[in-house]
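A.B. asks: Listed here are the chains, written in short residue letters.
Protein chains: 2
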Amino acid sequence: MSRTWLILTDGYLSERNAKTAHGVVRYSRDRVAALLDHNYAGKRLADVMPELERDVPIVATLEEGRSLGADTLLLGVATPGGWMPDHWRAWIVEALENGMEVVNGLHSFLSDDAELVRLAEEHGGRLWDVRRPPPDIPLFSGKSLEVPQKIVATVGSDCAVGKKTVAIELAEAAEAAGTRSEFVATGQTGVIIAGRGIAVDRVIADFVAGAAEKLVCESDPASEVLLVEGQGSLWHPAYSGVTLGLLHGSAPHALVFCHRAHHTAIEEPPFTKLPPVPEMISTLELMARDVRDAPVACVALNTKGLDGEAARQAIEAIEAETGLPTGDVLRGDAPHLWAAVARVLSA
Amino acid sequence: MSRTWLILTDGYLSERNAKTAHGVVRYSRDRVAALLDHNYAGKRLADVMPELERDVPIVATLEEGRSLGADTLLLGVATPGGWMPDHWRAWIVEALENGMEVVNGLHSFLSDDAELVRLAEEHGGRLWDVRRPPPDIPLFSGKSLEVPQKIVATVGSDCAVGKKTVAIELAEAAEAAGTRSEFVATGQTGVIIAGRGIAVDRVIADFVAGAAEKLVCESDPASEVLLVEGQGSLWHPAYSGVTLGLLHGSAPHALVFCHRAHHTAIEEPPFTKLPPVPEMISTLELMARDVRDAPVACVALNTKGLDGEAARQAIEAIEAETGLPTGDVLRGDAPHLWAAVARVLSA
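Residue numbers (the numbering used here), protein chains in the order written: chain A, -10 to 336; chain B, -10 to 336.
Hints are computed from structural coordinates only; laboratory data are not their basis. It is possible that part of the hints are untrue.
Chain copies aren't distinguished; within one or between two, either way the pair holds.
With a straight-line Cα cutoff of 20 Å, these simulated EDC-like cross-link-like pairs (lysine to aspartate or glutamate) come out [claimed, not checked]:
#1 LYS132 with GLU257
#2 LYS293 with GLU52
#3 LYS132 with GLU256
#4 LYS262 with ASP282
#5 LYS262 with GLU135
#6 LYS32 with GLU42
All chains should be built: construct the whole structure from the sequences, respecting the hints.
C.D. replies: Shown next, in the form of structure tokens:
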């Protein structure tokens, strides 16, 4: 199904916790009618955040968004803890009263709110709580080892280093190179972009590997390669369990290591120190091996904030340190990295 | 609070899925009035399962259990998938109508059943769904690194190798050696035995490390050592995420490696092959290091089913292979293993 987005960023457009909005703006195949943000209303997105490479108007009211053709309101800010600010409710109510769909990636679910459910029913609107897990997730059983596709997982040194972006960009590069590929979404933004998937961090812990396996087993049988979006990091103690469950459950044949240039510690408490890149790579290969041998095929380096020359130097340094093809997918290196993955898959 | 148990094993007394019953029979400090099992009714537990080292009558009706003083009905069988068989309901209803407490470690919750809740209220009974997580589990923040106690975690090569038993036995050995210690329960049986804890496999995946941290931070401040019950195995792909989240969240200073003698593969599909014991030990130390250096202090070998001589040989072989003190806590080796842990903690 196709949507026309109105994306709520609520004053936070240029901040990191609007990353759901940024991901959808950049990668959704559906039209973005407008952004709803009182701090930037009247400007255009291309002026505020040119790096997102999509130009849409920024408006101050839901009404304006609707007049631009929006049929879906996306709550685009990840609040701390994942709970919904009270004042968002008025926008949600207004959207539902106008028969719109409301898409929510937060931990708190709109469809648990009887009033909102009633409004949606009355006016022909819809509620999509992206993080609500499907009811039928099984325990991991090993079936993901038997799917016909080749499975590639993006893994990383930390959160927010680009695992989702790299999976999407590599899927597109694979398609461009003639390989039918599918992006397998495992986090709320990825699920919104793909229109399907499971936010595995919201699943009961015993079922994370089973959820990953289910995603792999229910992928498009016509695809040749699955690009599985990684989550968290083995070195981020808050999320390492999700990372490992997803790695084992999805049973990859190859890994892509995602890392932020010059980062040496996890960016949240307790600021765990990161091992050197070659050691992180060998640890990931060691842990993946429980299920299947999965070499790291290349390094996807996030060089955000560096100028072109500094980015080139950072890439060359990692290449020398690891002996692996390295590049930044947001600087045009996705085809180069995909070629490295394809070599490993056909070896 | 103190309970007097009537433990439902429902025909499965001697089978592996009665492991909740076995654990409570062996380790609960409360009195066990009787077991409720139609296959063995009229016999005594000491004749059916002498290895549990507690002798109680086995009865066929709830009435008989009550006449022996039971005030709490424990559902003692872990059904496949964790769902409750329909015919248990009659026993639960009868227990509640008699004002008893019903303790349930399954994934399906009794307190979600309005009829059972009403019966408990009417007759002064209680429902304890052991696996229901507390509502206030935070994300991991690193506070577990700051508690004054020394933290010891049991970790293992597979499920059901003895991680809970080893933690309890080592806590008792520590107490006997004059060290105030606390068993920190992380699975349903452990929680029932300890009367507190969190079944971490039932927590939303993002909060596993936070749950482990909460348990460590809320432990008895008078204790010197915490013995944290491990879950799953890094080599069991269905549960490895829970294992790692718990390992990182609890921030141990030392590990005890639990293994079943002569086992070389995970016992459930896809029957992952286990690496050699020294390699498993070094991998555990590698993964623990993200949060804090935690050497494996000793190996707790489960030699169940072996005769005394074969058990001795198995223990010596692991000792030679790893260079670590090795023993079976159910063959009297807990003091020996505790001494090894104490040496590491004081190093």
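A.B. asks: A separate judgement is required for each hint: does it hold in the structure or not?
C.D. replies: Hint check results:
In this assembly of identical chains, the alpha carbons of LYS132 and GLU257 lie at most 20 Å apart only when taken from different copies (13 Å versus 35 Å within one copy). In this assembly of identical chains, LYS293 and GLU52 lie within 20 Å of each other by CA distance neither inside one copy nor across copies; the values are 35 Å within and 71 Å between. When the C-alpha separation of LYS132 and GLU256 is checked against a cutoff of 20 Å, the pair qualifies only between copies, where the shortest distance is 16 Å, while the shortest distance within a copy is 35 Å. For the identical chains of this complex, LYS262 and ASP282 are inter-copy neighbours only, at 13 Å across copies versus 27 Å inside a copy, given an alpha-carbon limit of 20 Å.
Taking the shortest alpha-carbon separations for LYS262 and GLU135, only the inter-copy value of 17 Å comes in at or below 20 Å, while the best intra-copy value is 37 Å. Within a single copy, LYS32 and GLU42 get their C-alpha atoms as close as 15 Å, which meets the 20 Å cut-off; across copies the closest is 76 Å, which misses it.
Of the hints listed earlier, the one the structure fails to meet is number 2.
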